[in-house]
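S.K.: Residues per chain are reported as follows:
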Amino acid sequence: MKQALLKIKSTVPLTNDVFKTVLEGDVGTLKAGQFIDIKLKGFTLRRPISVCDFDDNSITIVYKTVGEGTLALSSLPKGKILDVLTELGNGYVITKIPKNAQVVLVGGGLGVPPLYGLAKNLKKQNINFDMVLGFNSDKEIILYNEFLNLGVNTVVTTADGSCGVKGFVTQADLKNKYVFACGPVPMLKAVYEVCADGQFSFETRMACGFGVCQGCTIQTTQGFLRVCADGPVFTKEQIVW
Amino acid sequence: MKQALLKIKSTVPLTNDVFKTVLEGDVGTLKAGQFIDIKLKGFTLRRPISVCDFDDNSITIVYKTVGEGTLALSSLPKGKILDVLTELGNGYVITKIPKNAQVVLVGGGLGVPPLYGLAKNLKKQNINFDMVLGFNSDKEIILYNEFLNLGVNTVVTTADGSCGVKGFVTQADLKNKYVFACGPVPMLKAVYEVCADGQFSFETRMACGFGVCQGCTIQTTQGFLRVCADGPVFTKEQIVW
Amino acid sequence: MVDLSTNLSGLILTNPIIAASGTFGFGKEFASFYDVNILGSFCTKGMTYLPRLGNPQPRIAECKAGMLNSIGLTNNGAEHIARHEFLEIKNYFKKPVIANVCGFTKEEYITNAKLADESPTVGLIELNVSCPNVKQGGIGFGTQTNILFDLVKAVKNAVKKPVYVKLTPNVTDIKPLALSCEDAGADGLCLINTLLGARIDIKTRKFILANKYGGYSGQGIFPVAVRMVNEAFNCVKIPIIGLGGISSAADTLEMMMAGARAVQIGTANIIDPFACKKIVEELPILCQKLGINKISEIIGIAK
Amino acid sequence: MVDLSTNLSGLILTNPIIAASGTFGFGKEFASFYDVNILGSFCTKGMTYLPRLGNPQPRIAECKAGMLNSIGLTNNGAEHIARHEFLEIKNYFKKPVIANVCGFTKEEYITNAKLADESPTVGLIELNVSCPNVKQGGIGFGTQTNILFDLVKAVKNAVKKPVYVKLTPNVTDIKPLALSCEDAGADGLCLINTLLGARIDIKTRKFILANKYGGYSGQGIFPVAVRMVNEAFNCVKIPIIGLGGISSAADTLEMMMAGARAVQIGTANIIDPFACKKIVEELPILCQKLGINKISEIIGIAK
Ligand SMILES: Cc1cc2nc3c(=O)[nH]c(=O)nc-3n(C[C@H](O)[C@H](O)[C@H](O)COP(=O)(O)OP(=O)(O)OC[C@H]3O[C@@H](n4cnc5c(N)ncnc54)[C@H](O)[C@@H]3O)c2cc1C
Ligand SMILES: Cc1cc2nc3c(=O)[nH]c(=O)nc-3n(C[C@H](O)[C@H](O)[C@H](O)COP(=O)(O)OP(=O)(O)OC[C@H]3O[C@@H](n4cnc5c(N)ncnc54)[C@H](O)[C@@H]3O)c2cc1C
Ligand SMILES: Cc1cc2nc3c(=O)[nH]c(=O)nc-3n(C[C@H](O)[C@H](O)[C@H](O)COP(=O)(O)O)c2cc1C
Ligand SMILES: Cc1cc2nc3c(=O)[nH]c(=O)nc-3n(C[C@H](O)[C@H](O)[C@H](O)COP(=O)(O)O)c2cc1C
Ligand code: FES
Ligand code: FES
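Residue numbers (the working numbering), protein chains in the order written: chain A, 1 to 241; chain B, 242 to 482; chain C, 483 to 785; chain D, 786 to 1088.
Treat the hints as calculated values from the structure; they're not laboratory data.
Mixed in with the good hints, there may be bad ones.
[Unchecked claim] Cut-off 25 Å, straight-line C-alpha distance, at most; resulting in silico cross-link-like pairs (SDA-like, lysine to any residue):
#: 1; chain 1: A; residue 1: LYS41; chain 2: B; residue 2: ALA313
#: 2; chain 1: A; residue 1: LYS124; chain 2: A; residue 2: GLU146
#: 3; chain 1: C; residue 1: LYS719; chain 2: D; residue 2: LYS991
#: 4; chain 1: D; residue 1: LYS997; chain 2: C; residue 2: SER730
[To be verified] Which chain B residues face chain C? A few, computed with CB under 10 Å, are given here:
#: 5; residue: LYS243
#: 6; residue: THR306
#: 7; residue: GLY310
#: 8; residue: MET447
#: 9; residue: ALA448
#: 10; residue: GLY450
#: 11; residue: PHE451
#: 12; residue: VAL453
#: 13; residue: GLY456
#: 14; residue: PHE465
[As the list claims (entries may be wrong)] Here are some chain A residues the structure puts well away from chain D; computed CB gaps all over 10 Å:
#: 15; residue: LEU5
#: 16; residue: LEU71
#: 17; residue: ASN128
#: 18; residue: LEU148
#: 19; residue: PHE168
#: 20; residue: THR217
#: 21; residue: ILE218
For glycine and all other residues, C-beta sits at the position ideal for the given N, C-alpha and C.
Using the sequences and the hints, build the whole thing.
M.R.: Given below as structure tokens:
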């Protein structure tokens, strides 16, 4: 958890309204599943965005322009310096994967990007896994080639059948699988119902993003936990719907 | 009264904390004694500043950095576009000068700049006049050379005697004179007491600057008048202290 | 084509955008910036029976998200306004205006309201019981249910045009006050007037306003206004005009979803003389984008 | 050297900057950003006797000049806090903290206040009678003079440490409430808690907060806070801690000139974790610039 001044290295559109931005600077020591919180001029609260990819001095984020803040972010020029809180949240914990478990990474929409850093990490550690990526339609597909380039077995589902398997991510066989899931709540819930075990990434409206305001707190089996500081990744047994 | 987008052509310091900025664009049809009202990013209300000099497509303003707004204005880069309300206020009315009157322009501190446009105009119309400029000390003297260059007989007074006549502008003989006065209230009052007649420029805190909010309204012999729209120049007989 | 019209007790506005009292003068200055007939309507400056200079200078203070004013109902007196200002309005505004009526006694309110009622320029009377800047009267009427009931009833009995009561947000609970107005026969409510605030100049160690305290308006009060309009909407059946910090078409829709049948734009006019024009132009575009075909259908729709 | 110290009923702070309850957790997270011992003190999160999850999600909404929260006093319960959180504070903060104490009944307030009173970590008790986000209790105690008097008196009788009462701004008149606290023996007042506000998402047509309304904090409430602190200052003799929208050293001095003996910084911490640090560092420089040698001399100096 630290504050950093990061410079926008590049911003490119991935779809109509999804952008990929690379930030450079002293990004700290990151883990897949963590997020950063970006101060934007003219907005009171910071904007939390998951880390998609990272190395020692850069962070890649992928985000949808759903409102004024993300729209402003997407149109900032290269070279602009941003006030960012980094190293936020717990991130995915690979060591929790049980021995011999079959691992599947399940992403839905803007839940896909955070899985990229995780996939890279699993690859590096020689852990086998499959990917299931769900989108509404072929126009919204993001990062597919990136996952292919990692050499991961990747299934795409689209709700309208315009690409890959028609339907939701649960079209894939998740029974008895250990999942890493990130996406909208209905998706998380559906995956939760069928999988054996796993880690689930949550989103709530946040004020501080670093654990002091209780804005993001939810009920878990282990009591009240803050999505920003105790999550955003929760294990299956922690979750209370 | 109109809104204009004006470009900063140049900003130069005249003293430690007084700046001269030239704005270019469709400035409207101006009169000496009028003012403009400048919207600055990050500030709710506009900042009213008198017109010092002008031509068909530029305005010169001279202002002191007394607070955050004027400080921000002074540090804006050349080329920056500003949202400005222009042609505000009534301005000095030369035709009101009685025949054979001896005219004196009396300025104190930041009350000096608005008299420059007036002096130029009087010159053009071949009306004779003298100038008295009052400052606290020699370090605060502004526009003296400009007035000399107009070929005007200009007396400078300083409160601490560091330049010119020691004392206030009332050191000059204003008895029986028709004055155009602009400066702090105590100066205006002192001049009012001794002069025969004249026009006095006032300042109040303003919200709109164009006559709709009554924020600036004062008591006059002609009823309640708005400094922004019915002034800022009032004739001696209008004034109620 | 989006239907922007809205109905204020029989007064049909072509769109819900009304300029707020005290921030629009009598409209003349704005008419020199743009054709003010594009507005739904506008409210005239608050009038008292006797001419008033108002409070001493300074009476404006800037805030980070708005401003304070301690004008204190500067006006030329109701007789003069009815005879001159109201007549002159006809030269540049063809629709009925809303007359903001003040007073220091019940009798004065009645007299002033009658003057407004008789003017063909006026379509609706806005009873201002919420000016924070005059000591006796004004706000005294707006914070006690029995006095408010009595005043509204008396004014309603004296005039024919619809009477909307403009309430103050500086109360513990707006609901009983809103109900009192409704019970007394008010045709509608206007919410909110300014919040009471103060600013101090740390260099001079003086309050910026000569009056010390003043009315806080502008963007900073918007969340309070949305909440109060919704509280009132949930307890009365009469129409509500929502205001307080509105500065965009999006704010307008938000206020209407909270329960406002029309909105007023105040401080935004002071900052940008074209504010109302921009909102009127933005509004149908934003409605279209959000699938709103008839703006009156979103009134109080927020769940 | 500017003397920044200030005296809160015997508790001497090295400077008047206190982090506000609910925006600073128990200080631990901030201790990882900077050495929190530079603060005058900080207020801990409001505690109730039973652990509370608080209100449903979402419970944060952004505003142009601040934010809404409808947390609803999320906490682990007073016993747990006294036994764990308060002890842990000693590891990173060497000064006494201010314990924000809540409750739903008088008895609960007393129990919780006693737990705070007994903790060596706590130097002062802040009685929160102004949380807008819990239905019964909380704010119910803060809007009626007789109930407030009774509560404050009972708590004062039960504890030894100074008791400051944190009041709500959502009232018609703060003065009788401030006086009731003083009469009941309160050692000081804290003003203001949040203003009640609401925001609506115009796309989904839903209130952003699951609870609909929430507490409005941040820069947008500053002028209201300055006014209320000054009103209270003019009617009671006990010290006042001023808060509401403070985000700079200049705001701090303005609030102190209005009558505050110390200030609290809330929402500013949430937006910038270094906000308090920056203010603590800025403050002596600004004082020097303004010729203030002893900060306690400017308390309530505004004319
Ligand atoms: C831990 C975390 C990680 C996230 N990672 C990503 C990501 O990788 N890519 C991505 O596209 N989005 C991500 N989001 C969602 C992203 O934060 C919101 O889309 C964004 O804040 C919207 O801001 P806005 O100004 O465009 O929208 P507005 O609706 O104008 O924002 C108004 C307020 O609501 C908040 N808000 C709006 N939508 C959301 C939301 N879905 N979740 C949380 N707060 C919201 C904003 O932060 C702001 O405070 C993440 C959210 C969280 C909590
Ligand atoms: C008609 C008119 C003409 C003016 N012409 C000039 C000029 O030519 N040169 C010049 O240096 N100054 C002039 N002033 C004063 C100038 O407007 C203020 O110095 C300026 O607004 C201060 O802004 P700030 O943000 O720096 O100060 P701040 O004190 O931070 O401003 C806070 C608020 O107070 C207002 N304010 C502060 N001081 C004054 C003041 N003296 N008069 C009116 N409002 C004030 C600001 O406009 C703003 O709303 C004029 C004022 C008026 C009314
Ligand atoms: C300068 C000024 C003068 C005002 N005068 C009046 C008035 O005469 N009568 C009235 O009912 N309200 C008056 N108001 C209140 C506004 O009509 C409006 O209720 C308030 O400003 C909140 O709206 P806003 O935030 O859009 O400005 C005045 C407000 C301002 C800023
Ligand atoms: C997220 C959040 C949580 C809060 N929780 C508490 C609380 O538990 N107890 C309390 O007395 N005040 C609480 N408050 C109110 C603040 O302490 C403070 O009174 C208010 O936010 C105004 O100050 P500000 O504008 O500086 O934030 C909370 C405020 C926020 C924003
Ligand atoms: S967002 Fe503040 S604690 Fe999580
Ligand atoms: S400043 Fe608004 S009328 Fe003069």
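S.K.: With d taken as the least Cβ-Cβ distance between LEU148 of chain A and chain D, does d exceed 10 Å?
M.R.: holds (35 Å)
S.K.: So LEU5 of chain A supposedly isn't at the interface. Is its beta-carbon more than 10 Å from every beta-carbon in chain D?
M.R.: At roughly 12 Å from the nearest Cβ of chain D, LEU5 of chain A sits farther out than 10 Å, so the non-interface label holds.
S.K.: When you look at the beta carbon of ILE218 of chain A, is every beta carbon of chain D farther off than 10 Å?
M.R.: Nearest chain D Cβ is 7 Å from ILE218 of chain A, so the label is violated.
S.K.: Does GLY450 of chain B meet its interface restraint, that is, does its C-beta lie within less than 10 Å of any C-beta in chain C?
M.R.: holds (9 Å)
S.K.: Mind verifying the non-interface call on PHE168 of chain A? Its CB should be farther than 10 Å from each CB in chain D.
M.R.: holds (22 Å)
S.K.: Are LYS124 of chain A and GLU146 of chain A close enough, with their CA atoms no more than 25 Å apart?
M.R.: At roughly 15 Å apart (the allowed maximum being 25 Å), GLU146 of chain A and LYS124 of chain A satisfy the hint.
S.K.: Is the interface hint for VAL453 of chain B satisfied, with its Cβ closer than 10 Å to some Cβ of chain C?
M.R.: holds (4 Å)
S.K.: Holds or violated: LYS997 of chain D with SER730 of chain C, Cα cutoff 25 Å?
M.R.: holds (22 Å)
S.K.: Against chain C, with CB atoms and a cut of 10 Å, does the hint on PHE465 of chain B hold up?
M.R.: It holds, given that the least Cβ distance between PHE465 of chain B and chain C is near 5 Å, below 10 Å.
S.K.: Does the claim that LEU71 of chain A lies outside the interface with chain D hold up, using a Cβ gap greater than 10 Å?
M.R.: holds (14 Å)
S.K.: GLY310 of chain B was flagged as interface toward chain C. Is the shortest Cβ-Cβ separation under 10 Å?
M.R.: holds (8 Å)
S.K.: Far enough from chain D: is every CB of that chain over 10 Å from the CB of ASN128 of chain A?
M.R.: ASN128 of chain A clear of chain D: closest Cβ-Cβ about 36 Å, beyond 10 Å.
Comparing the model with each numbered hint stated earlier shows that hints 6, 20 and 21 do not hold.
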